[in-house]
Amino acid sequence: MLTLTENANTIAATIVAQQSTTPDAGLRIHSSGTEEEPRFAVTIASTPEPGDEVIGDEAIRVFLEQAVAEALDSKVLDATVDEQGAVSFTLLPQPV
Numbered sequence: 110m111l112t113l114t115e116n117a118n119t120i121a122a123t124i125v126a127q128q129s130t131t132p133d134a135g136l137r138i139h140s141s142g143t144e145e146e147p148r149f150a151v152t153i154a155s156t157p158e159p160g161d162e163v164i165g166d167e168a169i170r171v172f173l174e175q176a177v178a179e180a181l182d183s184k185v186l187d188a189t190v191d192e193q194g195a196v197s198f199t200l201l202p203q204p205v
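This note's numbering puts the first residue of the sequence shown at 110, with every later residue one more than the last.
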């Protein structure tokens, strides 16, 4: 299952809180590429889509499109904020 670093958890929770007033809102990760060139997009969603896998804790809920959940099963999501305030998400392998 995809896991989040402490940074990703904090940054995602902050983004969702700033952009949504819905208490059940979360970060949604969905596919935006092709099978040959997979890409993932991150959006704020008030609720999960039908079929989404929901992960997270009391601080943040993450909704994963089914194909994304499978593709990211053994990954860790990290996040950073640069000097201009832009957020970057990075996928890392899970430690063994």
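Derived from the structure by calculation, the hints contain no laboratory data.
Hints may contain errors.
Here are the in silico distance ranges between beta carbons for each label pair [claimed, not checked]: (1) Thr-114 with Thr-152: 17 to 27 Å; (2) Glu-145 with Thr-119: 26 to 36 Å; (3) Thr-130 with Pro-202: 13 to 23 Å; (4) Glu-192 with Pro-159: 37 to 47 Å; (5) Glu-192 with Gly-160: 18 to 28 Å; (6) Pro-132 with Pro-202: 16 to 26 Å; (7) Leu-200 with Ala-168: 32 to 42 Å; (8) Glu-144 with Glu-192: 18 to 28 Å; (9) Thr-199 with Asp-166: 17 to 27 Å; (10) Ser-183 with Ala-150: 18 to 28 Å; (11) Asp-191 with Arg-148: 26 to 36 Å; (12) Glu-145 with Asp-166: 18 to 28 Å; (13) Ser-183 with Glu-144: 28 to 38 Å.
A quick note: this is a predicted structure, and the numbers were derived from the prediction, not measured.
We treat Cβ as the ideally placed atom computed from N, Cα and C, and that holds for glycine.
Hints versus structure:
1. Thr-114 with Thr-152: 17 to 27 Å: The hint (17 to 27 Å, Cβ to Cβ) holds, given that Thr-114 and Thr-152 are roughly 20 Å apart.
2. Glu-145 with Thr-119: 26 to 36 Å: 34 Å, holds
3. Thr-130 with Pro-202: 13 to 23 Å: 36 Å, violated
4. Glu-192 with Pro-159: 37 to 47 Å: Distance hint for Glu-192, Pro-159 holds at roughly 39 Å.
5. Glu-192 with Gly-160: 18 to 28 Å: 38 Å, violated
6. Pro-132 with Pro-202: 16 to 26 Å: The hinted range 16 to 26 Å is violated for Pro-132 and Pro-202, with Cβ atoms some 33 Å apart.
7. Leu-200 with Ala-168: 32 to 42 Å: Check failed, 20 Å falls outside 32 to 42 Å.
8. Glu-144 with Glu-192: 18 to 28 Å: 36 Å, violated
9. Thr-199 with Asp-166: 17 to 27 Å: Once the Cβ atoms are compared, 20 Å apart, the range 17 to 27 Å for Asp-166 and Thr-199 holds.
10. Ser-183 with Ala-150: 18 to 28 Å: 20 Å Cβ-Cβ, so the 18 to 28 Å window holds.
11. Asp-191 with Arg-148: 26 to 36 Å: 21 Å, violated
12. Glu-145 with Asp-166: 18 to 28 Å: 34 Å, violated
13. Ser-183 with Glu-144: 28 to 38 Å: Taking Cβ atoms as reference, Ser-183 and Glu-144 lie about 19 Å apart, which means the hint is violated.
This entry does not satisfy hints 3, 5, 6, 7, 8, 11, 12, 13, going by the numbered hints stated previously.
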